[in-house]
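Peer 1: Assembling the complex is the task here: the two chains are given apart, and the hints tell you how they should meet.
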Amino acid sequence: MMNMAWKEMKRNKGRFLILGSIVFLVSFLTFMISGLANGLSEDNAGLIKDLPEGHFYMTKEANKTYNLSRIDNNTQNDIFAKNSNTFALSIQMGFLNNHDGKQQSVAFVTSTQSKWFQHVKKGEVIFDRSVEDNGIKIGDTLTNKQSGGKLVVKGFVHHSKYSHVPVAYINMDDYKEMFRTSDMQLMYIPGEDKAPTFTGLQAFSKDQFLNTIASYKAEQMSLNMIIWFLIVISGMLFAIFFYMMNVQKMGLYGILKAIGVKTSSLFRMMWTQMAVITVIALILSIALSEVFNHMAPKGVPFQFTFEITFQLSVVFLIIGFIGSTLSGLQIKKVQPLQAIQQGEM
Amino acid sequence: MSIFTIDEVRKTFTNGEVKEEILKGVNLSLQEGEVTALTGASGSGKSTLLTIAAGLQSASDGQVIFEGENLTAMKPEHVRKIRAGKFGFVFQFAHLVTFLTVEEQLLLMLDVSGSKLNKQERKREIDKMLKLVEMDHRKTAYPTSLSGGEKQRVAIARAIIHQPKILFADEPTASLDSKRSKDVMALIRDLTRKLNIAALVVTHDEEMLSFADKIIKMSDGQIVQKI
Ligand SMILES: Nc1ncnc2c1ncn2[C@@H]1O[C@H](COP(=O)(O)OP(=O)(O)OP(=O)(O)O)[C@@H](O)[C@H]1O
Ligand SMILES: [Mg+2]
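If you're matching them up, the sequences are chains A and B in order.
One point on numbering: in our numbering, the residue at position 115 of the first sequence is 144, and numbering is uninterrupted.
One point on numbering: in our numbering, the residue at position 90 of the second sequence is 154, and numbering is uninterrupted.
Bear in mind the hints are in silico, worked out from the structure with no lab data behind them.
Treat the hints loosely; a few may be bogus.
[Said to hold, decoys possible] Partial chain A-side listing against chain B, Cβ under 10 Å, derived:
{"hint": "1", "residue": "K39"}
{"hint": "2", "residue": "N41"}
{"hint": "3", "residue": "V290"}
{"hint": "4", "residue": "Q359"}
{"hint": "5", "residue": "K361"}
{"hint": "6", "residue": "Q364"}
Yeah, the Cβ is synthetic: ideal placement off N, Cα and C, and Gly gets one too.
Chain B on its own, in the form it takes in the complex (with noise of 0.2 Å):
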């Protein structure tokens, strides 16, 4: 039994009276400590599979299935703790609180997850968090002063501080130059396997795939290829 299963899923977006569908019937699942890959021409619908699979909103149809629970059907506060305390989120900008230091963002992350760690264990969870993505020197930085790649290394380990069991990621890599996109990559798969998390990263670029264990492409609302 896989950890996180998306069930013919199915999105219908109406825009005044034209219905559009634009998830047909989606079927894939995720595994602890694999990367999972997303790709497709632009449209396809890959972000909106993303954000529904992360509970962000809500399916037409279909089931997103977590831990044996069925996302789909549950309360919002339900999710809003699932989200808290089980996932992790990249987006394609880091979205660092710009009033916090580096630190204190991982700290935030903490709270939010409810995490039951003390003040000490919390410093050097965080510490050695800071370490896995090399930005251990920054501590005390504010967002502002960080270059974008070193930004984007500060929201993963803000998604993953709290050892969440899945890691959702759409585009990590689009705001960053080629040599920073495969250090992001590879910190993203080098993380996935060693906290045994199962990562779901929609990307364009091809390069990237090179980092998935798995790649699911879609096309038009649909999953055309797995590999």
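Here chain A stands alone, though its shape is the one from the complex (with noise of 0.2 Å):
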């Protein structure tokens, strides 16, 4: 049938225009909240989240609280020489300040041998690079009020944050003097296979374990909660409207199907209006994400996949045709019959 669709858009470019721009808001607010959720979530775990695949393990009486993980050095033996690759580590909130008593929060994490963390000799220190906008150079030289310790600024690395603070790589035996602890919190072993056991050791996948770090979960949950919720606006959204403009086209409809048009057809009109509607918006809205990509302001965690964008996309394209076939169900119903005694519309 001839573009009955298009026609129609450009007759009527007011409302299609309405029903575009919501969506576009909609769409474009989601990715927003994506690109923040995973610049959040890269702020608070980019440390656990850049490893490969692979498998976390802690203490059973940790309960799953890697805090509360002690492996002893006999047990890390032990993993070691079953396993390549393997390393152990700990991670600690704490404090460091410069010569004028400048506080910086940093995350301490130290690790045997790997080739994914950075090794530091004792005394040193690796920062992450967000460190260098409060000052800090390198050479450098920052105590740890705790313990007394010196430690020298030595380098810095991209993209090394916990808990939305700068990772300071420190040396084990730095580590152990800062914290008593001759013990390490964690072990990990790469590979996506199944995870091996050990006795009083539990294993956590890389997503399992990042969702026993309960700020992590809290804040992953609320986000993704309100992006399920916007795609379930948009969805509702194509389904009013398109039953709106149903109900006011119920008398067309009837028209069209006493003079010989397909059901069908009248479907197909509608879902080319919605993909048409859709994917104009869904194209706005992931450029201006990706120019606020670009010009978000450095203190704002975001950061835009096109992966997870062209996976929302889908999900949108799929929620609109879900509601406008939903409110089409109408077409379905009318009467070539009732139409015809019925007034001019």
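Peer 2: Here it is, written out as structure tokens:
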């Protein structure tokens, strides 16, 4: 059938423009929040997220709180002996002070030899680049108030954040001194296969481990909830919009059916309109999110990823399809007969 | 043999417990090139008969024979194809598609009927038809800018652009004034003759009967007079 869908949109620009702009706003908001969720998750657990797929181990007694986990040397050596690329690590939140007493919150991280984490000599520290904004430079000496130990800044790395603060990679001896322990909290074994079991230890996949971090879980869950809420709203928007359009067009549908137009053609007309509006709105909001990605102020942890955006776009299209189809079910019910005795539309 | 025959058609509506027979065994036939007027008091069953004849609702009993086939026994999709390709419709109100121009209304009908004409031929056919109904000067106008009579002329053009065998019209002049009504009826009669269509036109209006070749009068679900 000739492109009735287009003709109607051209003739009734106003209506479709309104729907289009609402879909655009909702999808833009969704992409922004998804970018924010992604940025925050990187800010909160980039250190862990950027590791390859693998398994984390902590002691069963720790009861899913890595802070309480203590894996002693014997157990560590046991695991080292059986697996390659494995390493032990510990993470502790804390502070460092520069010479005039200014405080810097950091996540102290130390690990046995591994290709993914930084290694530093005793008395040295490597930071996430973001501490440069606070005036910390290579060669600075920082003190740790708890232990009185001094650390010299050796260098900076990109994207190493944990719990929204920069990571400070320190030597294991310094770590043991600072936190008065000789045990490590976690063991990590890379690889996607099934996790080997060790007595007294509990295994977590990367995602499972991230979800043991309460703040991470809460943050991501609330943002994802908003995203799904927006997606549902957009589906309802389509359903309501096309419902109202269809109610107005019942007479038209009856006449078209009477003269022999197939019901499927009427549905196709509606789907075409839905798809055109959604695709245009999505393209615009993707473009705008991309712009925002480059212009976002430094403090806003916004990270736009094409993959997630693409997935969300597909979800939007599916939801739009479902919404319009549900409301379009009325089209099926229209009897060609009804329209004939009715007055002018 | 006439092209279209209605044979002992009955229609019963059930309203709760009450069964009401609206058509009580109706017989009639339509001839090509002729206008058959269907008249009678309000509620006598004219519209019901016309819509059954046109395959828009089913009969409770009896047959509707078009080109040797029984419409009442066909699958809905088959009936739809016949409606699209072989029937034309005009109603009391023009019911044009609000977002299509005059010529697009006709183009749509050609599409729906599955016309085999190419683009140029369609354009020529549409121009010819719009000239016949004297609407060629408003080709690119939208329905909202047309008068009632003009809309009805476009609706008539739409009803016959695909060269249907049968034209069904239910009170095509009821929304028009006396002068326009006559114009529209004259147009239907002339086109019916020129294009050799069989037309069934329901009308209340005594004045319109002069445009008919045959007059059928209904009363209480039965045909009481054929002229
Ligand atoms: N779907 C239906 N259900 C029940 N009764 C119906 C239905 N359709 C029509 N009727 C009844 O059938 C009778 C005939 O209706 P119909 O519309 O055919 O009359 P008509 O001759 O066209 O009248 P008018 O000149 O007023 O248009 C009326 O009494 C009407 O109430
Ligand atoms: Mg009637």
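Peer 1: Decide, hint by hint, whether the structure agrees.
Peer 2: Structure-based check of each hint:
{"no.": "1", "hint": "K39", "verdict": "holds (8 Å)"}
{"no.": "2", "hint": "N41", "verdict": "holds (6 Å)"}
{"no.": "3", "hint": "V290", "verdict": "holds (5 Å)"}
{"no.": "4", "hint": "Q359", "verdict": "violated (18 Å)"}
{"no.": "5", "hint": "K361", "verdict": "violated (12 Å)"}
{"no.": "6", "hint": "Q364", "verdict": "holds (8 Å)"}
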